[in-house]
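Trainee: Each chain, written out:
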Amino acid sequence: MSFITRGFQGRGRADAPAGRLPPGQYATRDFPVLSAGPTPRISEGEWRLALTGDVDRPVEWTWDEFLALPSEEVTADIHCVTKWSKFDTTWRGVSVDTLLKGIHTGASYVMAHSYGGYTTNLPLEDVTGGKAWIAYRFAGEPLEPAHGGPARLLVPHLYFWKSAKWIRSLELRDTDEPGFWEGYGYHNYGDPWREQRYSGD
Amino acid sequence: MARATVLGRLNWLSAEVVADRRETPRVRSLVLDCPGWPGHLPGQHVDIRLTAEDGYQAQRSYSIATPADGTRVTLTVEHVPDGEVSPYLVDEAVIGDRFELRGPIGGYFVWRPDDGGPLLLIAGGSGIAPLMAMLRARRRLHEGVRARLLMSARSSDDLIYAAELNELAATDPGVEVVQTLTRSQPEGWTGYSRRVDREMLAEVAWPEAEHAHTYVCGPTEFVEAVANSLVALGYDPRSIRTERFGPSGGS
Chain A
3 MSFITRGFQG RGRADAPAGR LPPGQYATRD FPVLSAGPTP RISEGEWRLA LTGDVDRPVE
63 WTWDEFLALP SEEVTADIHC VTKWSKFDTT WRGVSVDTLL KGIHTGASYV MAHSYGGYTT
123 NLPLEDVTGG KAWIAYRFAG EPLEPAHGGP ARLLVPHLYF WKSAKWIRSL ELRDTDEPGF
183 WEGYGYHNYG DPWREQRYSG D
Chain B
163 MARATVLGRL NWLSAEVVAD RRETPRVRSL VLDCPGWPGH LPGQHVDIRL TAEDGYQAQR
223 SYSIATPADG TRVTLTVEHV PDGEVSPYLV DEAVIGDRFE LRGPIGGYFV WRPDDGGPLL
283 LIAGGSGIAP LMAMLRARRR LHEGVRARLL MSARSSDDLI YAAELNELAA TDPGVEVVQT
343 LTRSQPEGWT GYSRRVDREM LAEVAWPEAE HAHTYVCGPT EFVEAVANSL VALGYDPRSI
403 RTERFGPSGG S
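If you read the protein sequences in the order shown, they are chains A and B.
According to our numbering, the stretch in the first sequence is residues 3 to 203, in order.
According to our numbering, the stretch in the second sequence is residues 163 to 413, in order.
If you are wondering where the hints come from, they were derived from the structure by calculation, not from laboratory data.
Heads up, the beta-carbon is just placed ideally off N, CA and C, and yes, glycines get one too.
Any given hint could turn out to be false.
Said to hold, decoys possible - Think about it this way: if two alpha-carbon atoms lie no more than 25 Å apart in a straight line, the pair counts; the simulated SDA-like pairs of lysine to any residue are:
#1 A:85 x B:173
#2 A:133 x A:47
#3 A:85 x B:219
#4 A:85 x B:260
#5 A:88 x A:197
#6 A:88 x A:45
#7 A:88 x B:246
#8 A:88 x B:396
#9 A:85 x B:218
#10 A:85 x B:200
#11 A:133 x A:52
#12 A:85 x B:353
#13 A:85 x A:52
#14 A:85 x B:398
Said to hold, decoys possible - Which chain B residues stay away from chain A? Per the calculated CB distances, all over 12 Å, these:
#15 180
#16 211
#17 214
#18 230
#19 241
#20 245
#21 259
#22 266
#23 316
#24 351
#25 369
#26 386
#27 390
#28 398
#29 403
#30 405
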């Protein structure tokens, strides 16, 4: 049960358009960087993106093959578990639906694997149906390494740790398993509108 | 890599300010008493939630600056210009004030004393806070672990924990404290006088073969530069744990 903190007025009320800011978040115009270790540097020549796991045929794209896939402009609000939200971010990326076209799978979950060893887990239905992209441009520019470039997963309806930077592969699975932060007590699903920050929220 | 035990639900607790210390003109430490606090590891952080009279709430995260100590939790907070919560914590809160807190949070940027060493701790500004929790834990229980701290501040007035670190370096042969002042230096300054760069790290960091446990905390650009330089010096990227903060004061 919350109680009033003497001396605290707060001044963030007007920062967000109505209905855009999930509980416990504040609006920022910056784009803060959160990563557990050094930023991996992956050249476009060595970059690969793979579909693995429970698929009838594994697929791997080179950078040029990936760029040749149909891409989309995406405008979305993003929400970081460290409390900042950023409105109307603009991206260019390839829909995960496009990657999965023609692939047969019985999987219900996906584990995203990144260069550098990061992982995060999601239900497959949260990365299909127009809800997730492999993004490679941000605000009209190539995606910077510190923000996940050459390419990152973009799943804007979940807390942003689910949008794995430096994406390397999507592993389709029939069982769920915690990824990196999920194994350290962060919420398994991470819906910002239900404020699912930590395990048990 | 080792996993933290899965946490139970992190309930909001009532935290009362029971002591404070002005560390620098812009930085203050607050000692909080939090009945029900489950304990924590050096490097972990908490979420703070403030509630205004009209019910408006604001949440932010802060690193814990001390090792586990019953229901006591010490935060070291820097006043962020245009910030919403830090100005309250640094300049408004007085002894006896209460707000909500939950944690501990984060299981990766932690040093378990049993992990051993040597330790390489690199701090930019108030990024010293979680690293100080590690140094204080080491002093309490594991003085055999060798530790090097490299801290960067703008001027000598901005050196957080200056007296405690001077005392530690003078009395504990296992701890080396190296400081760099990036904007202004007092007369007779014997530390570095520039931003942390690869040459400085080559001089200060343990040789790569020592497999140091490395923790870097500070503003984003600082952490990016330090981590990239350590990788260039041959450090295994997976041995470098980072915590980045700001800029996030924009409205």
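Trainee: Work down the list of hints and note, for each, if the structure agrees.
Mentor: Cross-check of the supplied hints:
1. A:85 x B:173: Holds, because 17 Å separates the two Cα atoms, which is no more than 25 Å.
2. A:133 x A:47: 28 Å, violated
3. A:85 x B:219: It holds: about 12 Å lies between the C-alpha atoms, which stays within 25 Å.
4. A:85 x B:260: 21 Å, holds
5. A:88 x A:197: Status holds; Cα separation ~16 Å.
6. A:88 x A:45: 28 Å, violated
7. A:88 x B:246: Between residue 88 of chain A and residue 246 of chain B the Cα gap is close to 17 Å, so the pair holds against 25 Å.
8. A:88 x B:396: 36 Å, violated
9. A:85 x B:218: Since the Cα atoms of residue 85 of chain A and residue 218 of chain B sit roughly 15 Å apart, the hinted pair holds (cutoff 25 Å).
10. A:85 x B:200: 23 Å, holds
11. A:133 x A:52: 19 Å, holds
12. A:85 x B:353: Answer violated: residue 85 of chain A to residue 353 of chain B is near 37 Å, above 25 Å.
13. A:85 x A:52: Given that 25 Å is the threshold and the Cα spacing comes to 32 Å, the pair is violated.
14. A:85 x B:398: 30 Å, violated
15. 180: 15 Å, holds
16. 211: For residue 211 of chain B, whose nearest Cβ neighbour in chain A is about 7 Å away, the distance does not exceed 12 Å, so it is violated.
17. 214: Non-interface label on residue 214 of chain B violated, nearest chain A Cβ at 4 Å vs cutoff 12 Å.
18. 230: For residue 230 of chain B, whose nearest Cβ neighbour in chain A is about 17 Å away, the distance exceeds 12 Å, so it holds.
19. 241: Its Cβ never comes within 12 Å of chain A, the nearest being 15 Å, so this holds.
20. 245: Non-interface label fails for residue 245 of chain B: nearest chain A Cβ at 10 Å, not farther than 12 Å.
21. 259: Violated, because the least Cβ-Cβ distance between residue 259 of chain B and chain A comes to about 5 Å, which does not exceed 12 Å.
22. 266: 9 Å, violated
23. 316: The claim holds: residue 316 of chain B sits with its nearest Cβ about 20 Å from chain A, beyond 12 Å.
24. 351: Holds, because the least Cβ-Cβ distance between residue 351 of chain B and chain A comes to about 30 Å, which exceeds 12 Å.
25. 369: Answer for residue 369 of chain B: holds, closest chain A Cβ roughly 18 Å.
26. 386: 6 Å, violated
27. 390: Check fails; 6 Å does not lie beyond 12 Å.
28. 398: 10 Å, violated
29. 403: 6 Å, violated
30. 405: 8 Å, violated
Hint violations for this structure: numbers 2, 6, 8, 12, 13, 14, 16, 17, 20, 21, 22, 26, 27, 28, 29 and 30, all remaining hints satisfied.
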